[in-house]
Every structure is written in C-alpha cells, then in structure tokens.
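Enquirer: All chains, full assembly: derive it from the sequences and hints.
Residue-level listing of the chains:
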Amino acid sequence: MKSLYDELGGAAAIEAAVDIFYRKVLSDDRIAHFFDGVDMERQAAKQKGFLTMVTGGPNNYSGMDMRRGHAHLVAKGLDDSHVDAVIEDLGETLRELGVGEDQIARVAALANSVRDDVLGREPRAQV
Amino acid sequence: MSVLHYGDLHLTLETGETVLDALLRAEVPVPNSCRSGACQSCRLRACAGELPASAQVGLRPTQRERGYFLACLCRPTADLAVAVGDDPPQEAHVVAVDPLARDIVRLRLRPEVRLDYRAGQFVTLLRDDGLARSYSLASLPEDEELELHVRVLPHGRMSRWIAEDLRPGDRVRIRGPEGECFYSDGDPAQPLLLVGVGTGLAPLHGIVRDALRRGHTGPITLMHGAVTPAGLYLADTLRDLARSHENLRYVRCALHGDPAEDLHIGGIEAVAAALLPKLAGHRVFLCGDPDRVHALRKQCFMRGARMNQIHADAFVTAPPPAP
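In the order they appear, the protein sequences are chains A and B.
The numbering used here puts the first residue of the first sequence at 1, with every later residue one more than the last.
The numbering used here puts the first residue of the second sequence at 1001, with every later residue one more than the last.
These are computed hints drawn from the structure, not numbers from a lab.
Idealized CB from N, CA, C, for every residue including glycine.
Be aware that a few hints might be false.
No farther apart than 25 Å at their CA atoms in a straight line, the calculated lysine-lysine pairs in the PhoX-like style are these [said to hold, decoys possible]: (1) K2/A to K76/A; (2) K2/A to K1298/B; (3) K46/A to K1298/B; (4) K1298/B to K1278/B; (5) K46/A to K2/A; (6) K46/A to K24/A; (7) K1278/B to K24/A; (8) K76/A to K1298/B; (9) K46/A to K76/A.
Chain A side only, calculated, beta carbon under 8 Å to chain B, not exhaustive [unchecked claim]: (10) A11; (11) V25; (12) L26.
For each label pair, taking beta carbons as the anchor points, the in silico distance ranges come out as [to be verified]: (13) A1295/B to D80/A: 28 to 34 Å; (14) E1144/B to R95/A: 31 to 37 Å; (15) H72/A to H1155/B: 28 to 34 Å; (16) H1155/B to G37/A: 23 to 29 Å; (17) E88/A to M1302/B: 14 to 20 Å; (18) Q103/A to T1015/B: 36 to 42 Å; (19) M1302/B to G100/A: 24 to 30 Å; (20) G37/A to D1098/B: 36 to 42 Å; (21) A1053/B to S27/A: 45 to 51 Å; (22) D29/A to T1015/B: 51 to 57 Å; (23) D79/A to E1142/B: 56 to 62 Å.
Expert: This is how it looks when you write it as structure tokens:
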C-alpha cells in the first residue's frame, strides 16, 4: 500500500508540512516553552524526520536517539499531556493539508508508538 | 563509466551506484541515515563535474548553487569531484582602513587571485599568529576589492588590530568564501525583506545590489537597525540606492533617539512587525547580532515566512580574553 508520505508528495510535501506543524507547536502555550532557545533550523530538520517517520516515509528510527533527544525535557517536566498536545497539533496540521480522519488516526497511532521512548519509560506490556 | 574523485581516492562507479555507496565501499566514513534523501545527513559538496538534478532534491537554492548534494541520491552520469576539507587560504593586501561610524571601520582588501564568491557570503581573516575571525563581504564579486565592515570591540584582538595597526600594503591571509546567506535566482517578483543590525548591514548591502542587478522586480525592504542613529552608517549611499530603484525601500531604525522623517525609534523586531505584519511568500535575510537574528527569525517564521526562505547569518562574537 502507498504510504501517506508518498500520497502527500514525499520530501517536498513534508517540508511544507513542517512549516505548518512547527508554527502550531510554537503557538501552543502548553508546549511552546520547551522550544525556547533551540536552533530553529536544526529543530525543523528533526521535525522533518519525525513527520517522515509518522507518515510512513523512509526513516531509520532509533528509540535510543528519541530517548537521548528528550531526556533533558523529561527532566524539565515533559509528560503525557505534552505528548498529547504534540499529537493534537500533528493531527491539525494534517487536517489542514486535507488528510482524511482515518489516515490521521493511523499517523497518531504511529506517533503514539514512540511515546514511551520520548518520555524515557520502559515500554508498557502489550494488552 | 564515471569516476568519483574524493581527495586521493579515484573510484570507478558501478552502474547505478550512488556516491554514498561508492564512498562507503571505499571505507570513507560518510554520515548517513535514511538513504533516501529525507534526512540530509549525507550532504556533500561537489567541486567539479556535473550533478544530476535528482541529487539536490529538497536542498535550499543557495545550497544547490554551491554544489551541495545528497550522496544517497546521487548517481553520477559523468565524472564528479567531491570537496574534501577547506580550500587553502590565499593572500590579500590591505588597500585601506577607514571609519564608517564611531566603532565601525571598513577594511578594503585586494586578493592576489580574484575571489569567486556570492554577495553576502563571508571570509575568514587569518593573522600570522593564528588568530582568525570571520567577516561578511559587503562588496560585489566583480569589484576589484573585497570590502569588510568591522565592528571595533573594546577587547577585540582582531578588530583593534585591524583598526589600529593595519596599514595599506600590509598582507593578510583570507579563507573562504563561506555561507549560504545570499540571493539566488528564483521568482524575481517575490517580495524580499532584509534586516541587518549593526555591521549586519555589510552582507545585506551586497545582497540587495546583487538582487537588483539580477533583475529582481518584486518589492525589497532593506532595514538597518542600530542602538543610536549615529550607528546607521552608509545612510546616504542607501538613500541614493533607494531613490534610483522604485522597488527598493530603505528603512532606518534606532533603539534610542529622536524620531525623524525617515527614522523609526524602537526595537527592530517591533518596527519590522509593524511595517510588514504578514510575510507569507517573502524571502527574508537576517544578519547581525545573534540575539536579534534569532528573535527575528522566529518572528518572521511565525508571521508566515517559510523556514527555507529565511536566510540568517548570526555574527557570533568571540568571548573577550581572560583578564
């Protein structure tokens, strides 16, 4: 099956999506403070990697990288509510790009699959 | 069969082989991750040969022009040479050092060999004792001389040496050019916003003239900010430039001082936001003090400029020497 990444138009489309997504994140009072003082270009590159991954594009996802990359934020209080906010902003971004709700749910599920890595937790037992 | 040159390595490429695969085969440690053009971690720069267009997908126009490409996407159809390390420095001699403002001097240099650069890029000045500092080029490539604007810092080892000790005829070494803050041909009708703080004006003076002579027709706003009006150097030159180009607006902005007809008083971010509240579709150039550049970058992005349309060059100052 064609991935959402390909359906949206690959790398160029993801770049446009990152602009929308990053703006949403920076105007989201729940999470904006986590981005104070970061190098915006590097952050945008990371978000591009994230959006590529959650839309099923080519990636080399490493849970270890995700843990290391967010450990300093967990120390500052990053928790489930913030991950929820990011996934919400991600959904809004895709909605703006005309992506259907079932696809958005699939992306959210993929994003949720990295939640434990982001928050530095042991994976929960599968029910 | 095409050959890939990488320093002392000359690799014959197998049919359909990517530059990344060929270099990894030769045990060159090229960083890489997705191997499909998304992560850009295998970005390299070509210094000779022809690049397939598909090897530059997703890169900024300024990076494409400088020969950057993604090794994982690059299947050369002709010989290609990849840049390894820095180019060696070259000699230049001092033509003049003259004041532009109270704490800013203009250094004019004539390089031994004409420097191939884009207006807005920077060079690194090397002193014989190893001291090195980077300065933006305010000149245009066809000028005989390179022009640098140097802010003289109270404890600036390089800047004080330039302002106090350098004499016409002295020799210095320069390395470069470097940097991706320059005008690239694209949509000539696109609106441009250029904001420079202090000597951040230097690259912008080059970029704005480069854009104009390349036939840019869209509206151009050039903003210069300083603490006081006295720091707004080159004002007459820029007024003349604006007068002779209908699409160019020159805006002066000082943090303190008395407002005047063509002078805005206030923080540069606030003045920029009031002049151009919406930046969707704009190409933006930001140069100067890092705090201002980072604040402006965020603000311009939030006001609608696309991330890859914002070119920023933050002038990082070396820490003062320990007492």
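Enquirer: Look at each hint and say if it fits the structure.
Expert: Hints, verified against the model:
| no. | hint | in the structure |
| --- | --- | --- |
| 1 | K2/A to K76/A | violated, 39 Å |
| 2 | K2/A to K1298/B | violated, 35 Å |
| 3 | K46/A to K1298/B | holds, 17 Å |
| 4 | K1298/B to K1278/B | holds, 13 Å |
| 5 | K46/A to K2/A | holds, 24 Å |
| 6 | K46/A to K24/A | holds, 16 Å |
| 7 | K1278/B to K24/A | holds, 16 Å |
| 8 | K76/A to K1298/B | holds, 22 Å |
| 9 | K46/A to K76/A | holds, 20 Å |
| 10 | A11 | holds, 5 Å |
| 11 | V25 | violated, 11 Å |
| 12 | L26 | holds, 6 Å |
| 13 | A1295/B to D80/A: 28 to 34 Å | holds, 31 Å |
| 14 | E1144/B to R95/A: 31 to 37 Å | violated, 57 Å |
| 15 | H72/A to H1155/B: 28 to 34 Å | holds, 33 Å |
| 16 | H1155/B to G37/A: 23 to 29 Å | holds, 26 Å |
| 17 | E88/A to M1302/B: 14 to 20 Å | holds, 19 Å |
| 18 | Q103/A to T1015/B: 36 to 42 Å | holds, 38 Å |
| 19 | M1302/B to G100/A: 24 to 30 Å | holds, 28 Å |
| 20 | G37/A to D1098/B: 36 to 42 Å | holds, 38 Å |
| 21 | A1053/B to S27/A: 45 to 51 Å | violated, 36 Å |
| 22 | D29/A to T1015/B: 51 to 57 Å | holds, 55 Å |
| 23 | D79/A to E1142/B: 56 to 62 Å | holds, 58 Å |
The structure shown violates the earlier hints numbered 1, 2, 11, 14 and 21.
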